[in-house]
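Here the protein sequences line up with chains P and D, keeping their order. Counting from 1, position 13 in the first sequence corresponds to residue 13 in the numbering used here; the numbering is continuous, with no gaps. Counting from 1, position 320 in the second sequence corresponds to residue 320 in the numbering used here; the numbering is continuous, with no gaps.
Hints are supplied without guarantee of correctness; some may be wrong.
Taking beta-carbon pairs under 8 Å as the criterion, some of the chain D residues facing chain P (in silico) [what the hints assert, rightly or not]:
| no. | residue |
| --- | --- |
| 1 | Ser280 |
| 2 | Lys396 |
| 3 | Asp694 |
| 4 | Gln696 |
| 5 | Leu698 |
In short, the hints are calculated from the structure, not lab data. C-beta: ideal position from N, C-alpha, C; glycine also.
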Amino acid sequence: MWPNTFDYARAGSVDEALALIGDEGKFLAGGHSLLPVMKLRLAAPEQLVDIGGIDSLRGISANGGLTIGATTTHAEIADSADVRAICSGLASACGQVGDQAVRNFGTIGGNIAHADPASDPPTVLVACGATINIQGAGGARSVGAEDFFVDLFETDLEDGELITSVSLPDCSDCQCAYVKFPHPASRYAIVGVAVCLKMDGGTCAQADVAVGGATVKAVKCGGAEAALAGSTLDDAAVGAAAEAVKADIADWLAGDIAYPESYRQQMAGVFLRRAIAAATTG
Amino acid sequence: MTTRIFGSGIKRREDPRLITGEARYTDDIKLPGVLHMAVVRSPYAHANIVGIDSSAAEAMEGVVAVFTGDDVDLAGIPTAWLIPDSDLKTPEHPALAKGKVRYVGDGVAIVLADDRYRAQDAADAVVVEYEELPAVIDPEEAAGEGAPLIHDDVEGNIAFRWVMGDRDASDAVFNSADVVVSERILQQRLLPTAMEPRSAMAQYNAATQELTLWCTSQNPHIHRFIISAVTGLNENKVRVIAPEVGGGFGSKIPCYPDEALVSWAAIKLGVPVKWTETRSENYLITIHGRDHVQHVEMAASNDGKLLGVRATVYAGMGGYLSTAAPGIPTILHGLLYVGPYTMDSVFCESIGVMTNGTPTDAYRGAGRPEATFLLERMVDNVARAIDMDPVELRRKNLIPAFEDGYEVATTLIYDSGDYPTAFEKALDMAGYSDFRQAQANALASGRYLGIGVTAYTEMCGLGPSQVAGAVGFQGGLWESATVRVTPTGKVQALIGASPHGQGSETTLAQIIAEELGFPVDDIEVVHGDTTETPMGWGTYGSRTTPVTGAALAHASRKLKDKARVLAAHLMEANVDDIEYADGSFSVRGSPDQAQSIQDVALMAHLAWNMPEGMDPGFEESQFYDPPNFVYPFGTHIAIVEVDAETGEVELQRYIAVDDCGPQINPEIVAGQIHGGVVQGAAQALCEGAIYSDDGQLLTGSMMDYCMPKADMFPNFELGETVTPSPHHPVGVKGVGETGTIASTPTVYNAVLDALAPLGVKQIDMPLTSAKVWGAIQAASANGGGN
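Chain D on its own, in the form it takes in the complex (with noise of 0.2 Å):
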């Protein structure tokens, strides 16, 4: 018996031509005739445009033409996911500034030249006048009186108001409960930094008026149909290509003026057209995470009963709506608020406000991480009231472990989990008993050592298509792929998803190695261009492993289902007594007699010799749309020591047990665990986009912006559990934000433990030397601890 493949730590296939440089990435394809554009770009946060001026821009060397916003006869950019009941405002957002710009980095005009650097030097001479007017950034200030207006249709600055939960029942709770413990919790903005920073290139062909897009996207299909919307071309006309796509982390999802942009430009002067961002214009203009100021509260009993939570949200959405914002801040929210917790009362406000600030959208977790550690930050405050141990109050609220569904107050059902192994699998690496023991040692000494504990679980593999109509995302949230055999035996996966970073090329080979039995190494998976690959809403919301696997899964079984009944036919044998293994079919009791997979799919291509009724060819397709999403869960737990005398915190040690079903390749699950904690540890520590009070983005390079770093962390400390999903094929679940979620209150309350000695309760995040330090010298001015 051979290594199974499924469940092999295989090295990425994706890793080669990555590290070799070999990739080729969309700023990589060269074009003949090529133009490049220049983005003239707002430098206030808001502002009437009085004037423009391009003359100089246009007279210098090498410029072919400079477009304003009265020039580009783009349809605006869509918002796409319309949040129901929550009184939805999308106020226009044109590919380029009209009138007013409403962020710094709003595009106000562009130049087309024959070189980039000709091209940057006309867009800086172009000459703007602007009428400067008050900017607003916080998202509570914008949302309250005398706030600056950015959209005249959007009233009070206010997008939505979504409200989840009676109102009056979480009143009841509340009023009724022991303890009741509240904190104003900020969610910092965050800057998503993929490696590769955006980049689009169009080329249009009047004659057959079809218009190419290569671009960083997550998601081909779905920018298809925006550039169709925006541009006025059929659909069909319009072919996306995602070629290497050096990470996204959500920031890759949405369609941005930019993309319009090169199309429209392609267009209208019949040349090629490319943009490429720099890290500068990427800090500023790419979409960021998080920016939430949250009033949380929670309600227990005196013996550890956990009662409810509510909380009222003011998530800033930036200058116009990005394209999936509203469904960040409330349904990927506040549907998380029960945890993995037995908690019956449930009740979020989310008040999606504009501001001055760049947009923001999905960002790796994408509301889950900013529920989870609303969660986990009150249950250690419901600890520290009712003087219990923190780990002590959650197992005493842990839902108990069940395999197929259990519903919650926020009406999710999650599918399997198994909450109280993962968490007293993560105790015993940790050694939590001993450590208290060990922090109260050190406490003598003057050393501050704290432990932060999180049990979390998240709703992934987005989603049923009937939930994300109910929820209003304008589009569906299945999947499709085709598992294609050549006549020589070797497999093509096309699949509608897209990639780029995952290792999926690798899982996804995976799991069509163990349906059907060829080896992984003759498996290509093709994804990313619109015209090569089937209809998919992309890869996001960990649902590529869930749901394309599963499409894939399904359409291996197709494959193997027909390969049995030809095998059958071609040894003459009743399909009732073939047995496969290992890619090879044979009859009962005649083990000499045996038909390859490969053998199968050679006789299937040429179709000499098929039983009646059976078509040619050995390819199957497969739409899965998964009846329900699925729900990884695990603890966490992060170790630290804060040095008193500096406020600076070393992160000792990092235990992580997650659970995302069985593994496909555990080598690439904890690849993108050490990922997500590493994000999601430096929201926690250092990540924090900040800005003056005009607007102005100060964290604009990453001298400034403190993007984590491999010496910041210890060796991971992994464990695993191991619950199928009862409703995938193969029973998996997603894990690529998991880290992220799981991580940022970890880290954060094990901070907040080391220093309530001294008496500190609370810090905004990130949690800074300077700022840990300024607590420490604020609560010790207030007496200190205890």
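Isolated chain P (complex conformation) (with noise of 0.2 Å):
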């Protein structure tokens, strides 16, 4: 629980930002992914670049869709009355990060930049098609989820860029459910499943899904997705679904020393189950 010694600095504006994170920083949000593993001198960065009192980092904008500035809160997410109308999931998911205290400072861009393949809101993040806004010292770029993700704690980031904000297009007249297995422990999810269901009368149009959680990253489940879309939801298509999602993370399977690999595929079946009931039920 004793950091190796580093500099402190705060940032106010993002080209500051940019200017102060060097080759060996880290930008510090939250805190709450960073700070224990340089508790655990697993990390140990030189520089922290403070980007929390960054005003134009933070705060929600329903625009059609959603941005969300990578310094706002988890709790601010899960409250928002704009993202439970336009895509319920992500408040779903925020609001099962952690506990209050650390809803309260951990921030969006923190727990994405972090990747930890069992948090919350990438899997959701992933499944509605989400834009992760990014800012180096070249300029501006975009890149959809499921390729910001690479793997176990990977992203696309390059040294010393900066993720703005996530934009997320209108799910509003989608069906959405983040339904998560909390490991014991952590409470981190042993999986996730997020589905995004658009309904033309009993039929499903079009169905997004992807688990995490199970896997080394939040993954986009292509084979569910065929099994629903154009059914009833019937229990054979759910079913089908549930078979097909294991398939779809068999190769990004992940687990631990009490939740295996294998069951924590299998679960990904049970959830995915669970999930389509809760998004149909509301």
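Since each chain sits alone in its own frame, please combine them into the complex, following the hints.
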């Protein structure tokens, strides 16, 4: 619980933050992912650049879809009427991160930069086709969430780049849910399933499905989506999707000593069914 | 008549300072010029130390010194429970490893620096070259052929082999029994996880040669004589202070290398030295609990008479024998094999095995949970084998009520008990017969409900010193206490025991208030400082209320006797005519004439007018050695539902009927039971330390080690019966460990009851959803249940 020595600077703007970061620096937002690993001496950045005071990075705007500033906290997202209306699955996922104290400090940008595979928001961002907006010394760029998450704790971010915001398409006409099977020790997801269903009468016109927790990164599940799309979400279709999702994640499985990969893979099927039930029963 | 203070659920007087953050723990105590100690710890479970290069660390800013095992001239850390007739080996436990490390976390060097961060930086800069050796963690494996030898002087890694009972007689019972059931039970390692990690700070005065050690101790007087022994200082030159101590559960009984090292460094360097462990260190080096591999059998007749139990226990001791470790899987374990049943044949062979795990020692219940679990598990197995309701089987075998002594086959003499009454009360509260119908209905709709019923008794209030001596405990088990009344009528009770969260400052004050009539708010209980308090052996084994409480009751009665004589003298009356009520002495027939206890205390201090031969002052002390243990008992019931799709267990109801004699403070009793039940249920459901094959602790933080959480539990339904201990002055029994002892088998058996229709017969604890689900799949592959 005794981190190595580091320098600390507080940036007033994105440009200042990018100028301060240097080769061995880390951006500090809520600190709820970075500081624990520093205390355990698993990370030892020489420079922390605090971006918590940069106003332009914070806040939620509804503009057809949603744009959520990188330093917006999980609690702010979970409580936002706009997020609940436009992407209720994200509000639900952010409301299930850690505990209230963590949600009050932890930020969406910090969360996805850390890319913990068992964290909740990335699964919804991948399911709903979010875009991650990034600023670097060379300018701004945007990456789809599915491409942003590369592997275990690994993202598309280059050294020195800063996530500025996350954009989401309008999902208000979808039925969304994020359902999580929490690890009893850490309350991270053993498996987390996000579904976003576009219904046309009794028929599912489009299904978006992603799984996290059971995998090294949030994984978009095309097989399960195909099984659901065009169906009436009857037992046979849901059963087929629950089988398909296990194959969708087979190449990306993760586990730990108590909850091995094989178990998590099976539970992805169970929790897909539960997520569909939650989405369709509101 | 005022409300009687004894039996009243008054609020814990400890809580305001704990809740507001005003409590002062060891780490809160700041001394000028203090140096911070960081310990360089082995990353290997078993390795030879080839070389240590501390030159880089020594050159770092703020670093005062680096010492290794070759520098530290302390005597070894002692083992203080020497089980007789067990061929006990006590391998040397140096404060810092010399030549070899034996578990991950074993101390190799210490760094002293002017700042905690710098100390850690320098500790990281000490370069230690190791030659890694094969490691062994499983105690049965460590006792087997070809296991790596951990101590050269502990052949086969077997530290002791303790046998209870007659093997031939046991064999005869088992050979002729109708039914014998058997099971291999794993009592997994548990991490005690007190809220406050351990901490120690030492200060030495070279002129007076006095050492003061502040530390997280459940027994500062024991720490004093062990620190005296390892440093060579006279015991009267060592002062040990346990300030506020944030929980222990047994983990703060032992004397650890860290306490010896801060003492040694403070003496060596002439400045105060402090060390406080991190949570990661706490999980690596502070003792673990349990760690048994048990091979258990139970014999019974076809009509449900329990005939005997026998077990071979491999008990993992870890890399060294901790302070009380040998006593846990032996005396505190085997002697409980009869439980509350009329069972005549018991046999236990307990083998203490050195392993490359963290040393184990007493953890809440200490040996008794491991005994109660195996007994209750086997009773359920017998019930299944003879197709009898497990409740009916228990009912048939419970010892009938007794008021004053019942000798059982393990040679213990239970003090008092009424097991059937507590049993039936719990069953009534649970609605047992209705539940069985509800369970059948649920099963018909594909839901899996289960019930577990545990009848238990346990031995606590440790204990008669003569017994302590006979079983090799290197100390007494009496307590002493002084009740000191100031001239203004305020009470200080000085006790040798050292409570650390149990609420004893409140309950012990209630005993004194009851005996002497002082308002409870006028009574302070002082503990934790060897210079301020009389000798005592500490707070563990649910002994503070039974033993210290008895000492205080007796000291209070002595004071009351003195007060009665003095009051008679002051009122010019005959002692025989003095009546006492609610803290006031009056003369029979003259109720107007009265002396309050405060009046008498003042007059005793003034001593202007004392009876012939009476000494001044108003203070009495009592040494109290209990004539027997106390044996609380009860019945616990759990109702669970298992989600067969995921393997998740939901604990739906928990009923606990406990009998600890008269309850001094029902709120505190309930709190002890709540905490104990949670701790024991967590062993069944989620807690367990896991090592890799090469001895790395994989559950090194709360991210992986599953501490129980409030939302895992229903509201507990508590009931009580009251059977006083016949030998105790106020009849009370201990209640600190009953919850932990009873709840593990209760919850476990409930889950296995739920899974019985699926054909699942056994799962190693903890019953995580993954293991339960895996067991369901395996049973299903084998054809499922009936």
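These are the hints, each one checked on the structure:
no.	hint	verdict
1	Ser280	7 Å, holds
2	Lys396	38 Å, violated
3	Asp694	14 Å, violated
4	Gln696	11 Å, violated
5	Leu698	5 Å, holds
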